[in-house]
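As you go down the protein sequences, you meet chains A and B in turn.
The first sequence lines up with residues 1 to 263 when you count with my numbering.
The second sequence lines up with residues 264 to 616 when you count with my numbering.
In short, the hints are calculated from the structure, not lab data.
Errors might be hidden in some of the hints.
The following residues of chain A were derived to be distant from chain B, with all beta-carbon distances above 10 Å [what the hints assert, rightly or not]: (1) Y17; (2) I26; (3) F32; (4) V51; (5) D57; (6) A84; (7) F93; (8) V174.
Label-pair ranges, simulated between beta-carbon atoms [claimed, not checked]: (9) D291/B with T156/A: 36 to 46 Å; (10) I113/A with H355/B: 40 to 50 Å; (11) A580/B with R90/A: 49 to 59 Å; (12) R96/A with H355/B: 53 to 63 Å.
Since this is a predicted model, take the numbers as computed values, not measurements.
Yeah, the Cβ is synthetic: ideal placement off N, Cα and C, and Gly gets one too.
Listed below, chain by chain, are the residues.
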Amino acid sequence: MVGTSRYGAGAVVVALYLFLLAPIAIVLPLSFSGDSYLSFPPASWSLRWYVALLSHDGLTGAFKVSVALASVVTALALLCGTTAAYALARGTFRGRDALLALFTAPLLLPSVILGLALLLTFSSWGLLGTYPGVVLAHLVLCTPYVVRIMTTALATLPPGVEDAAATLGAAPGVVFRRVTLPLLLPAVTASAVLSFLISFDEVVVSLFVTGPRLVTLPVEIFNYVDTRTDPLIAAVSVVLVAGTLAGVVLIERAVGLRRAVGG
Amino acid sequence: MTRSAALTLRGVTKHFGAAVAVDGVSLDVAPGSMLGLLGPSGCGKTTVLRAIAGLVPVTAGTITVDGEDITARPPHGRDIGLVFQQYALFPHLSVAANVGFGLEMRGVAAAERRTRVAEALAMVQLSGLDGRRPRELSGGQQQRVALARALVIRPRILLLDEPLSNLDARLRDELRVEIRRIQQRLRITTVFVTHDQAEALAMCDVVGVMSQGRVAQIGPPAEIYERPVSRMVAEFVGRLNTWPCEVVAPGRIRLDGREMPAATDGVANGAALATIRPHRLLLGGAAPAGALNHVTGQVTHVAYVGDLVQYHVAAGALQLRVEAHAARHAETHRVGDVVECRWWPDDLRVFGA
Numbered sequence: 001m002v003g004t005s006r007y008g009a010g011a012v013v014v015a016l017y018l019f020l021l022a023p024i025a026i027v028l029p030l031s032f033s034g035d036s037y038l039s040f041p042p043a044s045w046s047l048r049w050y051v052a053l054l055s056h057d058g059l060t061g062a063f064k065v066s067v068a069l070a071s072v073v074t075a076l077a078l079l080c081g082t083t084a085a086y087a088l089a090r091g092t093f094r095g096r097d098a099l100l101a102l103f104t105a106p107l108l109l110p111s112v113i114l115g116l117a118l119l120l121t122f123s124s125w126g127l128l129g130t131y132p133g134v135v136l137a138h139l140v141l142c143t144p145y146v147v148r149i150m151t152t153a154l155a156t157l158p159p160g161v162e163d164a165a166a167t168l169g170a171a172p173g174v175v176f177r178r179v180t181l182p183l184l185l186p187a188v189t190a191s192a193v194l195s196f197l198i199s200f201d202e203v204v205v206s207l208f209v210t211g212p213r214l215v216t217l218p219v220e221i222f223n224y225v226d227t228r229t230d231p232l233i234a235a236v237s238v239v240l241v242a243g244t245l246a247g248v249v250l251i252e253r254a255v256g257l258r259r260a261v262g263g
Numbered sequence: 264m265t266r267s268a269a270l271t272l273r274g275v276t277k278h279f280g281a282a283v284a285v286d287g288v289s290l291d292v293a294p295g296s297m298l299g300l301l302g303p304s305g306c307g308k309t310t311v312l313r314a315i316a317g318l319v320p321v322t323a324g325t326i327t328v329d330g331e332d333i334t335a336r337p338p339h340g341r342d343i344g345l346v347f348q349q350y351a352l353f354p355h356l357s358v359a360a361n362v363g364f365g366l367e368m369r370g371v372a373a374a375e376r377r378t379r380v381a382e383a384l385a386m387v388q389l390s391g392l393d394g395r396r397p398r399e400l401s402g403g404q405q406q407r408v409a410l411a412r413a414l415v416i417r418p419r420i421l422l423l424d425e426p427l428s429n430l431d432a433r434l435r436d437e438l439r440v441e442i443r444r445i446q447q448r449l450r451i452t453t454v455f456v457t458h459d460q461a462e463a464l465a466m467c468d469v470v471g472v473m474s475q476g477r478v479a480q481i482g483p484p485a486e487i488y489e490r491p492v493s494r495m496v497a498e499f500v501g502r503l504n505t506w507p508c509e510v511v512a513p514g515r516i517r518l519d520g521r522e523m524p525a526a527t528d529g530v531a532n533g534a535a536l537a538t539i540r541p542h543r544l545l546l547g548g549a550a551p552a553g554a555l556n557h558v559t560g561q562v563t564h565v566a567y568v569g570d571l572v573q574y575h576v577a578a579g580a581l582q583l584r585v586e587a588h589a590a591r592h593a594e595t596h597r598v599g600d601v602v603e604c605r606w607w608p609d610d611l612r613v614f615g616a
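Same shape as in the complex, but just chain B:
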């Protein structure tokens, strides 16, 4: 249905007066793939999206689609579909007229318009609601209409601006799967902006983490999660233990007075921060025998959260947050238990302080 296009950003910069919203962002989105732009609010991710759509003129840099420079084009000449967080449906038009709006603008004849609108509504599972007004639909239905409206024009690029943020959790999961299914079926090049790390990791082929107007790291979800390049990225994409340490040699640190191996990745000798994800800390019998780092500590707090058990463990000067899967036969610990806590050295990632 859609031809896949490549999207390229080079040095895209946007100033609002003296404030720098986007600072030299360069990105490549491969044809048919889905890029997730992840970051805290105010990091510039939405401005990047609006710049791609042409709704925000850039201060510097270029945006190209399939090698064609579209930086100076107005939004109505870009052939880019945009889905908004607040749906932005036309309240005075029916569902069918909303979805057909873009086709009408392109001069598609009424008969073909009807067919394509019906197809698009079937794709988002809303057949039969053509005559309704947007306000008669639920939030989830409205966002499906918005998706159909953006896709029916067969845009070269699809942009999603936090499309799931206004929906409740159950609906969010459902629509997340559906958006990804449709995106893969149409093989449409997509940029998805979100502040929800689980959403970005689960849905996207490539994730770019943004901070203060720049791309801090870009790569496949597993790489972002497992090998974050900075403490900011590591903290943003998942829970984290952070302890002060000292790098004594490449690959070796001193943590709470003890020397041990760790992934230092070029961090210079001296004060640094050692980080590890709570589920990579293994308690007692859960840890396989082997060359693991270990500390011994006492459980100070236990929280059972259904699929996980979260422990706080005090080991010397270190406060450990540990997460274990609540498997049926898993060993459980109580407050006051003395436990051995182990981890693989390369899970302990060190960043400059």
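With the rest of the complex left out, here is chain A:
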């Protein structure tokens, strides 16, 4: 009985993975298609779409914009989110719970509403289509995740370790550097990865606040598939999947993914 139910559970997991990975399984052969239009299975095989991708200024430019943007947004989100989380977790001021709710509210808001609100606000401030505007918009999306992860991490720090360090002669700055930060490192890593991916992936809000002079990769892809349907998009997808995987592997090597998610 136990054996059967375990095999049953295993089968469900396999099915779920297949369901999640199926699109990627189709995209991969499509990217090596030699056809000029999307069809599955491809009639011929080639690397032409990867070559085309490298020489497509719109996509490569947008890729560079997105990487730079996600890096800046991640750095700022970590800075704002971690300090806010520290204040929220350690402080005992009035309205603390309300503040935490406010900081994490964007998590519950549909992106369309958020995008529209940002569009209305930014248009009157002249921030539409500008770099600071897009950074701000992405910060609104990413910071709540950082605040959420870091407040949880701070709340689950082993009790007394910071006090212990203080009684052993460590000044507050030293306590943070030698005890708090090392213990928070897995959470910082997780927040950084999540923040980078959210910023890099963001379509809806970006559609509202980017302009012709500043286009992120997801927006560029969105615009591209609006007008054309060729395997170039499959090649882009494979590059993105490979890039994300490489990132995950790097983190796994650096801090261990199991530690990063708190295992």
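Dock chain B against chain A, hints included.
Only chain B this time, still in chain A's reference frame:
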């Protein structure tokens, strides 16, 4: 190894908003001695300890070590070792790095650090575990590491915050003896917070019983146990029979309609409570002849608990709880037996109702 320091608290008070956690606590801990702070949870004993460590800023009062006022100093400038109930070891550091942390903060050179860490680990009988991580150790071992970590910096004062509460009974007894042995060898002035009366009485030179943010009584363990100043202290440090009575004159009470001598210690005439410890009630032949108070009653319940036999005796309106040592040739009684129960008058202590 350690120079002994005197610790003095004067009028230490701590408010948390409107709540008064500690209310004017004054204490003197003699150099090299061990003070036990005993009390129920929420009595303020841990807040006093954290105030001494500097982890809780006091609302009023002063804390001095060897005459030097440290009230305003931050915890990292106090030179006070603290051992926590939950060990609070640094999980990301090895045992050796945990113990060496305080030395590193003091700028002790690596070579000397290694020697002193090894000494400290030997003192708590953990030599050879230097490279382990805290999570690879048992609870008892972790608390030994925490003790070594607090002592290796040779602090002026050692504070122990319920260090044995998370350990099982056998380990608790073992570590209790060991902490006391190390404390006496180093002659380090120590404050030990606990809610376990046996722990406080057995380990400490002086015991302070706290209640509602104040020190209810402070003195040597025997004095606290034998001559408690209030019913609260008497009840907290051991089992107790409590009966309503009436004080008729200094040293005389009326109990269940009979007049008898008792220790009234200044309790005014009128309604009061008479108390006596169960093992100070002597049954039948166990009682020596002499000027003893006595009542006659019937055994209603017998519980054999190994080293003790506990009896319930009904004598008139009084319910007596009696404890007798289960010695090999001791007289035993059964339910229904009519027994004579005696006690020394000064064991019957009277408190205001």
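So, going through the hints one by one against the coordinates:
1. Y17: holds, 32 Å
2. I26: holds, 44 Å
3. F32: Consistent with the label, F32/A stays out of reach of chain B, its closest Cβ about 46 Å off (over 10 Å).
4. V51: holds, 48 Å
5. D57: holds, 47 Å
6. A84: With a cut-off of 10 Å, A84/A remains clear of chain B, as the shortest Cβ separation is near 24 Å.
7. F93: Since the minimum Cβ distance to chain B is about 12 Å, F93/A lies beyond 10 Å and the statement holds.
8. V174: violated, 7 Å
9. D291/B with T156/A: 36 to 46 Å: holds, 40 Å
10. I113/A with H355/B: 40 to 50 Å: holds, 42 Å
11. A580/B with R90/A: 49 to 59 Å: For A580/B and R90/A the Cβ distance comes to about 58 Å; the hint holds.
12. R96/A with H355/B: 53 to 63 Å: Between R96/A and H355/B, where Cβ atoms are some 28 Å apart, the hint is violated.
Checked against the numbered hints above, the structure breaks hints 8, 12 and satisfies the rest.
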